[in-house]
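Undergrad: Below, each chain spelled out in residue letters.
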Amino acid sequence: MSSAAPGKILRSFAVLFVLASVSPTLAAEYDVGSIHIAQPWARATPSGATTGAAYMTITNKGATPDRVNCVSSDASAQCEIDSMTMEGGVMKMRAVEGGLEIKPGQTVTLEPSSFHVMFVDLKRPLKQGQTMKATLKFDKAGTIDVEYPIARIGASAPGAAAGGGSMKMQGSGGGMMQMDKR
Amino acid sequence: MLAIGRVKGWLAISAAGLAAAALITFWILVGFGRPSEGLPPSAGAIGGSFELTGADGQRVSDRDFRGKWLLVYFGYTHCPDICPTTLLDISQTLGLLGDDAARFQPLFISIDPERDTPQVVGEYVKEFDDRIIGLAGTPEEIASAAKAYRVFYAKEEGTDARNYLMQHTTFVYVMAPDGRYVTLLSPTGGQTPEAMAGRLRELVNPVTAGQISSPTSAGPAPSAARER
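Residue numbers (the working numbering), protein chains in the order written: chain A, 1 to 182; chain B, 1 to 228.
It should be emphasised that the hints constitute simulated quantities derived from the structure, not laboratory data. Using N, Cα and C, we set each Cβ at its ideal position, and we do this for glycine too. Keep in mind that a hint or two might mislead.
[To be verified] Derived CB-CB ranges, DEER-like:
1) A:Thr135 with B:Glu140: 41 to 47 angstroms
2) A:Ala95 with B:Glu194: 30 to 36 angstroms
3) A:Thr143 with B:Ser144: 49 to 55 angstroms
4) B:Ser144 with A:Gly48: 21 to 27 angstroms
5) B:Gly158 with A:Gln106: 27 to 33 angstroms
6) A:Arg94 with B:Asp178: 38 to 44 angstroms
7) A:Gly48 with B:Arg103: 45 to 51 angstroms
8) A:Ser72 with B:Thr138: 35 to 41 angstroms
9) A:Thr143 with B:Ala102: 49 to 55 angstroms
10) B:Pro177 with A:Gly33: 57 to 63 angstroms
[Said to hold, decoys possible] Keeping only pairs whose Cα atoms sit at most 30 angstroms apart, straight-line, the calculated DSS-like set for lysine-lysine is:
11) B:Lys155 with A:Lys123
12) A:Lys133 with B:Lys126
13) A:Lys92 with B:Lys126
14) A:Lys92 with A:Lys103
15) B:Lys155 with A:Lys127
16) A:Lys123 with B:Lys147
17) B:Lys147 with A:Lys92
18) B:Lys147 with A:Lys127
19) B:Lys126 with B:Lys155
Next comes chain A alone, as it looks inside the complex (with noise of 0.2 angstroms):
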């Protein structure tokens, strides 16, 4: 075992490499003390944008609710947490007064038409394959830089962004990603 030891771990690395080769935006999960943060993914903006969004999952683990605000982009001069709800065929977007809170157990998600990070006068286009940071201040849990690997233009969910390999064109195949959507 101790001679085939050597051959087996070079060849978890080699997987590793390769596997950090093809998926470099593997996105990563965050810890702050209750707080745990999955799959924080961008989307990449148009190319006259001036703003821009970021979507993750929140878990408090916690016995106490919190509260999470978006302090500080390297990719905007604001940010902040926003809700999205539907009136009458229009979309409504508002800030969250006092940060959007996630209760104890809770986990929430934010997503496209829904709760997101929105980046307010965006300093650089955001490009799919890239990453950008922002800081969330979370008013027990405490402060956070999180990596926004970005997906997509438009896109529902993280795919590409996530590690998920090669995105699929338009064209046959392109809806599948929509499938658990809603």
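Assemble chain B onto chain A, guided by the hints.
TA: Relative to chain A, chain B alone:
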């Protein structure tokens, strides 16, 4: 004297009664203000003409698209969330239609004439799908097109004067090859590309001859309305 007063009173009451009866009869005869033919008021009133400008500066009107099914969506390029999602949804819907996709022409009409020039809109839509045609116009032309489609749009209060956001109706309007409104799609309302492709596939491959004439699959049939 009392007798005369009573007679006058009775005359007044009778006159009023006759007038009321006449009025009521008149209202019944002209239909008491019911919506035309009992269909939802919007069914016959949505959509129609627009005169706008395409990406290379050419004038484009709705008539240029006769013979094609249109998927008309109103939005703006500075839209942070909904428009990119919807345009990609439209692209994916077309992807699911296979050969039928060629029968549909997606249009993106900007409701932000201040910032969205024809060129800006033209470049924007290409980021989602080569098939989407982007159209822009003067504030008056946009207002006219939006009115035809009953689309609400307005600047969002409290947003930056330069980087303002806008609110707008988010439906995708499906227009038949003869220019008539047929139905709407609602990707923002939860309709997936699979569901939308299914609906569009139905429209271009009707099972019965009468299918295309019904405004929505959930609407009342025209014959039921005429029984009134």
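Undergrad: Hint by hint, note whether the structure agrees.
TA: Now for the hints, and whether the structure bears them out:
1. Distance hint for Thr135 of chain A and Glu140 of chain B: a CB-CB separation of about 45 angstroms, consistent with the stated range 41 to 47 angstroms.
2. Between Ala95 of chain A and Glu194 of chain B the C-beta distance comes to about 33 angstroms, which sits within the given range of 30 to 36 angstroms.
3. Between Thr143 of chain A and Ser144 of chain B the beta carbon distance is about 51 angstroms. The supplied range of 49 to 55 angstroms therefore holds.
4. Take Ser144 of chain B and Gly48 of chain A: their Cβ atoms lie about 25 angstroms apart, and the range 21 to 27 angstroms holds.
5. Take Gly158 of chain B and Gln106 of chain A: their Cβ atoms lie about 29 angstroms apart, and the range 27 to 33 angstroms holds.
6. For Arg94 of chain A paired with Asp178 of chain B, a C-beta distance near 41 angstroms keeps the hint of 38 to 44 angstroms intact.
7. Against the hinted window of 45 to 51 angstroms, the Cβ-Cβ separation of Gly48 of chain A and Arg103 of chain B comes to about 32 angstroms, which falls outside the hint.
8. Distance hint check for Ser72 of chain A and Thr138 of chain B: the Cβ-Cβ separation is about 39 angstroms, which falls inside the suggested range of 35 to 41 angstroms.
9. In this structure the hint that Thr143 of chain A and Ala102 of chain B lie 49 to 55 angstroms apart at CB holds, the actual value being about 53 angstroms.
10. Roughly 59 angstroms separates the CB atoms of Pro177 of chain B and Gly33 of chain A, a value that falls within the hinted 57 to 63 angstroms.
11. With a CA separation close to 23 angstroms, the supplied pair Lys155 of chain B and Lys123 of chain A stays within the 30 angstroms bound.
12. This hinted pair checks out: Lys133 of chain A and Lys126 of chain B have alpha carbons roughly 27 angstroms apart, not beyond 30 angstroms.
13. The straight-line distance between the Cα atoms of Lys92 of chain A and Lys126 of chain B is roughly 26 angstroms, inside the 30 angstroms bound, and the hint therefore holds.
14. For a cut-off of 30 angstroms, the pair hint linking Lys92 of chain A to Lys103 of chain A stands: about 24 angstroms separates their Cα positions.
15. Proximity of Lys155 of chain B to Lys127 of chain A is assessed by CA-CA distance (about 27 angstroms); at most 30 angstroms being required, the pair is judged to hold.
16. Restraint check: the Cα-Cα separation between Lys123 of chain A and Lys147 of chain B comes to about 36 angstroms, which exceeds 30 angstroms; the hinted pair is violated.
17. For the hint linking Lys147 of chain B to Lys92 of chain A, the alpha-carbon distance of about 21 angstroms falls within 30 angstroms, and the restraint holds.
18. Restraint check for Lys147 of chain B and Lys127 of chain A: the C-alpha separation of about 36 angstroms exceeds 30 angstroms, so the hint is violated.
19. Taking the CA atoms of Lys126 of chain B and Lys155 of chain B, the gap is about 25 angstroms. The hint holds against a cut of 30 angstroms.
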